[in-house]
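K.L.:
Residue-level listing of the chains:
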Amino acid sequence: MMKWIKVNQVREVSALLISVMPMMFIPAAVGLIDSWCIIKSHLLTYIIVTVVSTFIVMATSGFVTQYIIRKDKKKGENK
Amino acid sequence: MKDLLQDSVYFGVLISLSSYILGIWIRKKTRLSYMNPLLIAIIITICFLLISGVSYKSYSSNSSWISYLLTPATICLAVPLYQQMELLKKNSKAILFGILSGVLSSLVSILLLALLFSFDHNTYVTFLPKSITTAIGMGISEELGGYVSISVVVIIITGVLGNIFAEGILKLLHIEEPIAKGIAIGCSSHAVGTAKAMEMGAVEGAISGLSIVVCGILTVIGASFFALFL
Chain B
1 MMKWIKVNQV REVSALLISV MPMMFIPAAV GLIDSWCIIK SHLLTYIIVT
51 VVSTFIVMAT SGFVTQYIIR KDKKKGENK
Chain U
80 MKDLLQDSVY FGVLISLSSY ILGIWIRKKT RLSYMNPLLI AIIITICFLL
130 ISGVSYKSYS SNSSWISYLL TPATICLAVP LYQQMELLKK NSKAILFGIL
180 SGVLSSLVSI LLLALLFSFD HNTYVTFLPK SITTAIGMGI SEELGGYVSI
230 SVVVIIITGV LGNIFAEGIL KLLHIEEPIA KGIAIGCSSH AVGTAKAMEM
280 GAVEGAISGL SIVVCGILTV IGASFFALFL
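Protein sequences, first through last, are from chains B and U.
For the first sequence, our numbering assigns the number 1 to the initial residue and increments by one for each residue that follows.
For the second sequence, our numbering assigns the number 80 to the initial residue and increments by one for each residue that follows.
Derived by calculation from the structure, the hints in this document are not laboratory data.
Wrong hints could be hidden among the right ones.
[Unchecked claim] Residues on chain U that point at chain B, a partial pick, calculated with CB under 10 Å: (1) 135; (2) 155; (3) 253.
[What the hints assert, rightly or not] Distance ranges between label pairs, derived from CB positions: (4) U:129 <-> B:71: 51 to 57 Å; (5) B:76 <-> U:197: 44 to 50 Å; (6) B:52 <-> U:253: 39 to 45 Å.
[As the list claims (entries may be wrong)] Once the Cα atoms are required to be at most 27 Å apart in a straight line, the calculated DSS-like pairs of lysine-lysine come out as: (7) B:74 <-> U:168; (8) U:250 <-> U:108; (9) U:107 <-> U:250; (10) B:74 <-> U:169; (11) U:168 <-> B:6; (12) U:250 <-> U:169; (13) U:108 <-> B:73; (14) U:172 <-> B:73; (15) B:71 <-> U:250; (16) B:73 <-> U:168; (17) B:75 <-> U:250; (18) B:74 <-> U:172; (19) B:40 <-> U:136; (20) B:75 <-> U:168; (21) B:74 <-> U:250; (22) U:172 <-> U:250; (23) U:169 <-> B:6; (24) U:172 <-> B:75; (25) U:250 <-> B:73; (26) U:172 <-> B:71; (27) U:108 <-> B:75; (28) U:108 <-> B:71; (29) U:168 <-> B:71.
Where is the CB? At the ideal position from N, CA and C, for every residue including glycine.
My request is simple: use the sequences and hints to build the entire structure.
P.N.:
Following this line, the structure appears as structure tokens:
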């Protein structure tokens with residue numbers, strides 16, 4: 001690895017930018033004002049789809065990752 | 080008053096920043112996890128625009144540099160990842176399959192829900208990129224013929240959901256490995272969820288940041304394939 005830039009040089013500013021990241025989504029989310037007339041007639045459906053699929057993804061990817069990590073750990077112990 | 084606000088170059092930035100600061104303050108005072116600063120800021124800003132009569136167009140044109148920061152901030156996610164490089168190499172198989180399962184479950188669940196609620200093609204592709212970061216998600220929605228403005232809102236709401244509920248859900252499901260937590264949050268709720276992962280720990284945060292990028296790229300490929308199904 002070439003050490004052109006050291007982690008110390010960028011760590012502080014990157015930590016700052018990452019910590020205020022949620023704020024950067026405000027202008028886009030306020031666009032809800034403009035799309036409200038299309039959304040409001042299907043509001044409940046859209047909410048169900050968003051909530052259900054978010055939790056399915058969270059559960060699936062979490063389970064798969066944990067399963068493989070724990071299986072590999074066991075294999076390591078048996079060797 | 081309205082003209083003054085509409086013409087001011089910094090009005091959009093000012094209202095966004097101050098409502099976000101207020102959101103953080105409310106969160107600190109109440110200590111309730113569903114008092115999410117981003118959610119509060121969005122609601123306050125919307126109310127302010129509706130009351131003052133300033134159009135969204137003029138608000139968004141003079142708050143654009145806030146959104147502009149999103150790209151450099153996404154690149155910054157590489158720094159915590161770099162610091163966890165050893166861990167990443169050691170668990171590369173689990174991370175790879177975890178992220179793949181996240182992308183697939185997202186696309187499949189949207190397809191099934193779209194069939195269940197009999198969405199038309201345009202609405203279906205609007206939701207396809209909902210778990211990835213807005214920068215990439217908007218592009219996918221646009222390319223496939225979705226309603227981009229709805230995609231953006233759905234993507235951000237998804238992030239807020241992850242941010243608020245991730246900790247409780249992961250505990251409920253007994254997902255305890257820090258890497259698995261990071262993957263679960265990054266895959267399901269991109270950068271807004273990652274803010275929560277960073278609070279949970281350095282490993283969770285770094286892996287969540289990695290998941291955003293990899294999920295984004297894989298979804299570009301996966302979504303154009305899944306778009307053919309409906």
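K.L.:
Hints the structure violates: just list their numbers, smallest first.
P.N.:
Hints 6, 13, 27, 28 contradicted; others consistent.
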